[in-house]
Each structure stands twice: as C-alpha cells, then as structure tokens.
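Fit chain Y to the known structure of chain E by using the hints.
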Amino acid sequence: MSKLNELFEQKLHVVNFGIESFYDDLVSQKVDAVHVDWKPVAGGDKATAANLRKLKQPALAAKIDAANQEALTRILSAQPTIVGLGIAGEVIPGMTKKTVLHAGPPVTWARMCGPQRGAVMGGLIYEGLARDVAEAEALAASGEITFDPCNMHDAVGPMAGVVTASMPVWILENKTFGNRAYCTINEGLGKVLRFGAYDDEVLARLRWMERELYPVLKDAMAIKGEIDVKVLIAKLLQMGDEAHNRNEAGTSLLIRELVPAIMNCDRPLEQKVAAFNFINGNNHTFLNISMPAMKCTLDPIFDIPYCTVVATMCRNGTDFGIRIAGLGKNRWFAAEAELVKGLYFPGYEEKDAARDLGDSCITETAGIGGFCMAAAPAIVQFVGGQVSDAINYSTRMYEITVGEGRAYKIPALDFRGGPTGIDIRKVIETGIRPIINTGIAHKDPGVGQVGAGIVHPPEDCFKQALAACAQSWT
Amino acid sequence: MVKLEIKKNAYYDSVTLMLISKELKKLDGVNEALVGMGTDLNKEIAHNIGVATPELDAEVSANDFFVAVKCGDAAVFDAVLKKTEELLNKKTESKAAAYMPPTLEGALKIDPALNMAVISVPGKHAADVAQSCLDHGINVMLFSDNVTIEEEKALKTYAYEHELLVMGPDCGTAIVNHVPLAFANVVRSGDIGIVAASGTGTQEVSSIIDQLGGGVSQVIGTGGRDLKKDIGGLMMKLGLDALENDPNTKVITLISKPPAKEIATEMLSLAAKAGKPVVVCFIGGDRREIESFGLVAAVSLEDAAHKAVALSKGEPVADYTGFAMGEGKAEAMAKEIAGKMAKGQRYVRGFYTGGTLCDEAMKLMIGTLGHIYSNIPLNAEDALEDPKGGKSREHTFLDFGDDAFTVGRPHPMIDPSLRAERVVTDGKDPSCAVIMADCVIGYGSHPDPAEDLAAAIQTAKAEAERAGRHLCCVCAVCGTEGDPQSLSRTQQKLADAGAVVLPSNAQATRFVSRVLANLRQEG
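Going down the list, the sequences are from chains E and Y.
Under my numbering, the first sequence has 12 at position 12, and the numbering climbs by one with no breaks.
Under my numbering, the second sequence has 1246 at position 246, and the numbering climbs by one with no breaks.
No lab work stands behind these hints, which were simulated from the structure alone.
Glycine residues also receive a C-beta, built at the ideal position from the N, C-alpha and C atoms.
Mixed in with the good hints there might be a few duds.
[As the list claims (entries may be wrong)] Interface residues of chain E toward chain Y, partial, derived using beta-carbon atoms under 8 Å:
(1) L12
(2) G18
(3) D37
Pulled out of the complex, with its shape left as it was, chain E reads as follows (with noise of 0.2 Å):
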C-alpha cells in the first residue's frame, strides 16, 4: 500500500494554478477547489526576484521574521492616546515660522502638485508671511521657506497636509512607548485648504478655527484629561467605519468623549455652540485623530534592524514614498502617484485629478482604513463594487501582512483582526499591492474635492526598498 492508495480513499481536494476554467469546470461539478491567482513573482523581474530569493535565504529569513514579529507586538501593543491640543510652532518638534510641512515624501515647490501648491501659498498667506497669491507664489519659490514632510517631525496631514506654525494640532501620545504625533483639525468638505483651496473663505475658516474653535477644544481637553483612541476605533469598526474614507462613527465616538467637556468649558456659549456644531458637521472630524493615533503607533518599530514591515506610506500628489521600519526614518522610497479610481463628484471626470495625495494611508499602513474595507462595506460602492468585494479587498491583505489586529476587529470576517504590517516581501511575492481608500483632490490649486476611491502604492517603491533591503543586509 503506497500512500497513492491513501489518496484513493480520500475525498479529492483541488488546487488549480493557471487555466481558470479547469477550476470552473471543477466548481460546476461541485468538487472542492481553490483557484490560485498566480503571477510570476515580481513580474518576472529578474532582479527583483534575486533579491527576495536573498532574503528568503533560511538565515537571514529567520532574522527578517524574528524582526517583523517584534513590529507586529509593538504595533499590536500600542496605545493612541489623545492628550489635548497644542499650536504646531510651538509643540511639534523642529518647527519655525518659516516651516512649512506637507504630506508625502520629501518634495521641492517645483515638482509640487498643484492642491499642494495651493495649500501652501494659502499657509503663507495665512501666516502673514504674504499679503496675496502672487507674493506667497514668490516667497515659496525663493528658497526661504523650509519645506518638509509631516512624517519627519512626528506629524501627519491629509491630502495636502500642509501644516504652518500658527496651526492648532491634535497631540496624541502613545502611552506603551512615550512617543507623540500631531495632526490639524479637519477642516470639512468642499473648498478646503487641504485639497489646495486657499481663497478668503479658506483662509477666513482657518483663522476662525485658530480664534474660536482651537480655545474650546483646548479647554475641554484640559478638562477631559485624555481620549482612548484604541477603544474609539475598535468600536468603529463595528460600526461601519474603516477610519480613512468613512469616519462618521468615529466623529459621532469623539463628540461623546467631547461633548460634556465642551459643555463644562468656561467660554461663552455662543462659542461653545458653534464649536459643537463645527465638529458635529464634518464626517472627517475624526480623521484627524485617526491618522495621527496611526502614526503614533507605528513610529516605534523604526530602527528594529532586519524589519522588513513598511513604517510609512504617503503622498505628495507627485511621488508615493515608503519607509521601511529596519532601514530607518531617512531613507525614503519613492514612485511616481498613482491616479485615484473613483467616483467623482457631478461635473467633475477623471481629467481633473491629481494624483494620488496626503499622509492618510498611514491608517492602511497600520491596518485599518481600506485593509478594514470588509467592516465597511458602503466604501466600495465608490468603485462600484459589492459587499462581496469589500470581503475580497481585505481577504487580500491578509496576504501580504505580518499578523492580524487584536483590538482591531472586522465582524464581516468573524471578527477576524485587521491584517496588520505590511511585509515588503509578501508584496513583491504576491504581486498584491496595499489598497488604500481615499478622496481626490482637483489637480488645479484653489478648486478642491472632486471624488473618492481606491488608489494602490506604485510598485516601484517596494522594489526599490526590497532592492535596499538585500544590499544592506546578510
């Protein structure tokens, strides 16, 4: 008896890699099978894939994974914490007048994208570095502004993510490792300094969140201590939220923890009154929590050497740029952005857009926003898909991740936790890219949101980083 005669007592399960209708065919006939989605690894890049074969080597293999399984417990061990609110000139680290830090990867004014640009001339403006476009236009280009990515100095800012010293920020604390992120507060929808709009309204808006808005969540703050984040987007998640693209659960959490606070501040009602009332009429309230409570929880796996798990994803509207955990904060690997597929708002086409824009994949990076995609299902409706895609989406990423969530949960899959660290070697293995939920920004500054959708990292960025990992280490 050979173990062949054992397979003939089994019941037959199929695996079928290639030809799709030799699957159909089994599936028609009610047979278990699995079609295998195969692609030849990296493309068939050669290069690429005698990088990975070196990293694959056993030795160095275990490294890598004893690595990426100590960024997954610091990922998983973290504890976002929101602490209060500061003005980013004086709270965030390395920041002066003349700072001016955006989203994405480092980026100089000429190659910027045109919200980007936008954001910026509105940020000098409204710091009082110029009086009008065409001077804030000059004093960009003249050199003496520093321009820096938000993730260099401990904060992130969505779309265009442009953050000047006068800002009001949220402080959030990781409170397993000490460590701090700052975000703006969110703005709400339309013509918005973050999607490059930088007109008198804009400007009118922000001045008003510095005068009215920032001083009673200041003062709430003080009163309410500290806000779990943790829990608020553990709860989110059931809730149909994925913390990205949707955060009307989240915003509702937040004004909870805020409300008795704000209602307890010592500042005249009227004030009161139409801070609630800001934060209550924007869904994206709580995007702004979201991605710096990402951020603060990622930051700790930088510098674990051999860490092949991605510490940061973000855009600039020109470049998409990565950083992985084991090669350290200032080695950035970038591509060129990709464009949004989406659903544009009425009178707008995918001709307007800018490519893809802002610091707020740092929540997929995480493993939440669209890698929860399955807990929130309505978001696929942007690209016209179904609930059953919205499975597949984050079924996907399970693929390409070092674990899985233990506070953050997908009841649509059980209550299976989020897929959580993006390992760059299961990407260029698999082929799968990270999927990333997001708005798009008109490509033109001054104009604002023109749709939403699903975007993916350009692949280069994880050929370049796996290419690095394998020259530096052994």
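Only chain Y this time, still in chain E's reference frame:
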C-alpha cells in the same frame, strides 16, 4: 434644454445617486445630468454644471429627490427618467465572488486538505510551482508543457520517493477519485484502472469504456515522456503499483506510444506480476512482446476499451476490428460514397485536435497508403513543409495541437477555429476525396466543438458539390453521454451537417480505408 423632475419626500443615499448621475451622462443626447437630494450642496453643483432652474431653487427641499438634465430634446429626457427609475430599482444579484488567493500558502489557509494540484502556468515557471506543491505533500497534475526533461526528472524522482503523483508535464487527462481533471470525460465509475502516457488516447479509451457499459476506478496520466529512458517510467510504476493494491480496480489498462525497449520490458514484467488482468495498448507497437508476458495486447484504443470491459465483465477477449453498424452495411456505404466521387479525387486529409488520435489514425492507415504527410509524421521523410501556412500534400494528416499551431493561441480542443478553416480550404482541392476529423468533448474542451466543425463540413461539401465533386467527411466524437456537451447531441450535429459519424477513431479510420480502397478499385 434643461429639464427637471422632482419627487417629493423620497430619500436615496448619496453614493447611489452619484453612480446614477454617472450612468445618465453616458446616455446619447445628455450633456449634463445630476440626480440628488435637494441639499444646498447639490443645488450649488446644479448651478455649477448648468442644470439649475428657478424651480429647483424654489421648490426642491433637502427631503426631495430631483433629476436635472441638460439634453437635446424631451425624448432624451424621457429616456433619462426611464433609466433613472431602472437604476434606482436595480436589485444587485448577490454573486458570492469566491476568494482567489495569490499563493499556495494562501490556498492552504482556505483549504488545508488540498491533495491535488492542477498546474497550467507557463512552462518556465511550472516546475517551481509543482515542487512547492510536492513540498506540501500535494499530488500534481502538470498540464504545462515546455518543462525540461531535467526538471521532470527531478520532480518525479522526488515524487516517487514520497509516493506522490506527478502526472505530466504536458498531461491533459486524468480522472482521480472520479473527478475529471483538465481535459477529461464524465465516465461512469467502475473497476477498470488506467495508467496512460497519452491525453486524447486516454479520453478515447475511457469514453468507449463508458459507452460499452463499463466504468473506471482511476485514470492516471503520466505525461508523454514518462516511458523515455531519462525518466524510466517512474510514474507508470507508481501508478501500476497503486492500481495493483487498489481493491476497487479489477482490470488494469496501460496506454502509451511504444516505449524504449528496456523500459517496455521493465513495465511489462511489472505488469505481469500485478495479479490482475492487464490490457496493454502500445499504440502501433508490437503485440507479440506484450503477449509474451502473458498480458492482453490491444490493436487500437477502441480495442483496448473493448478488451478491458470484457475482462471486467468476465467475458471472452477477442480483437475488435469491426463496425458497430455491421460489416456489410459499412462496405455498402463506402462503395456508394466512392461511386459518387469525381475522377481525380484520391486523397484523405485528416485534421485532428487530439494528437494521439491523429497518430493512431495514421498508424492504422499507413499500411495501404504508403506515405502520409504530417506535422507529426510516422516517418521523418514524410514531414510536411510549413504545415500551418502551406498546402496539404497527397494524404495529409495534421495535429492542430502541435506547437506549430498553438504558438500564441489556445489548444484546438478549446479553440477549434483553425481546424475548421482548414476543412473548408482542403475541401476545395479537387484531389481531396475524404476529410477526417475528430471531435473531442468533455470537461476542458470547447463548450460546443461540433458547431464550428459542422459549419465547415457543410460549406466544404456544398462547394465541392457545386464544382461537380462529392466530398466525404468522416468524424468520430470522443466523449460520453454524461459530458456537458453530450455525445449524442454532438454526433447528431455532425451528422446533420452531412458527415459520416462513426463511434470511434479506429472505426472511422477503417471506414475511410474502405472508401479509399473502393476508389482505387474504380481506378
């Protein structure tokens, strides 16, 4: 013109409405369209894109649904409203899209009990994929071709040591535990076990077994090179051993082209010790050697099926070389057909989608014909120049599944259109008397392979008739009644087109030989 329709107190969610707006813009004659709830934001958008009316500003509230369109005329607007209604009421069929993992590891997470892999990825990647499956203890059916002999040797050596199957490379057919894999037919289950180094040969034998009322226990493919010296018949040995020990197998059938002498001896001596009756079909091979081991030799694929079924039923075994319709009737038909032909019609053209069937037909016919020109010639000097682009020469047989025809296109069993074109082309040749064609059905094959062929036969016969000739088309369908395409329906379709349809490739060949013999007699 700008037209507006209002529905009071009707709520729809905004994403649905955005999707509908997008669809409406695609309609002919629509310049701009906006459907939405009457919120301030939507009214503003309506102004921005030029579909606002005073009525919209005055009458529509945030609880009202509106459709605002800039379009050519009122008829377009009616079409827009109809489309809107249709889209609002559309119920999405919930199709549970199955999740397809990108790697074997992912597949194992979904089903840890995987025990068989069907691999049809490009050849240069196939060995890696196959080895990864073997590493997980999963048997392999390797459909891919262009796998090197060294890779095959390495895979099979590993598999043999671990008692796992590597069926292939270039293995098209297997039925394991009654599950047809890749190109295979729905064959009733029974007590005949098959180990075969040939794809369509196996389909022919197993299908005829089914037609004769028999059934199969297991059908194991080995790939065409298994019995070459380099591989040494590793998979045939493994398969033979398993069938020996399989209580559900009463009769064993081995199918292959004639193997290398020492391999043949080794296989036959192993088979002789099986303790069960073994039918051996070495297509076109020497029967005496087989019989010297006390084994049953088959003279054709059809004969192998007949003998296996006879042994399975405990009936006496005899060579089958006759006609299901009866000897007399076959001869009369052949004579009648030959009588209708014009002077100069002399040659047979065999156009096959199944390589082994093509090979068998040539071997059964060569004795009386002398030369058969082919892209898979029996003798090297009969190789046809430029089989794909060029012309047929005298008696010509073409295997459309050969590399010359499949570069950059699917196998002819999946896409039989090239073969159909050739039927029409050669039908115009005044020297062509008979066109032979196979039609392989079953899983994996084209959903209706007879359709193209029947149309081509009809065209070719009609054109020949107009030119004062009678063209004879002879077909055999390889398959079973249980196949998705159905044996009888497929046969009927070909017969309706005017083809002479015979129950097996061997009978079709014998019939054509008789037609040609009658033509020769008439001079």
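Now for the hints, and whether the structure bears them out:
1. Because the closest C-beta pair between L12/E and chain Y is about 5 Å apart, less than 8 Å, the hint holds.
2. Contact between G18/E and chain Y, as hinted, is supported at the beta carbon level, the nearest pair being about 3 Å apart and thus within 8 Å.
3. A distance limit of 8 Å between C-beta atoms decides the matter here; for D37/E the minimum to chain Y is near 4 Å, and the interface restraint holds.
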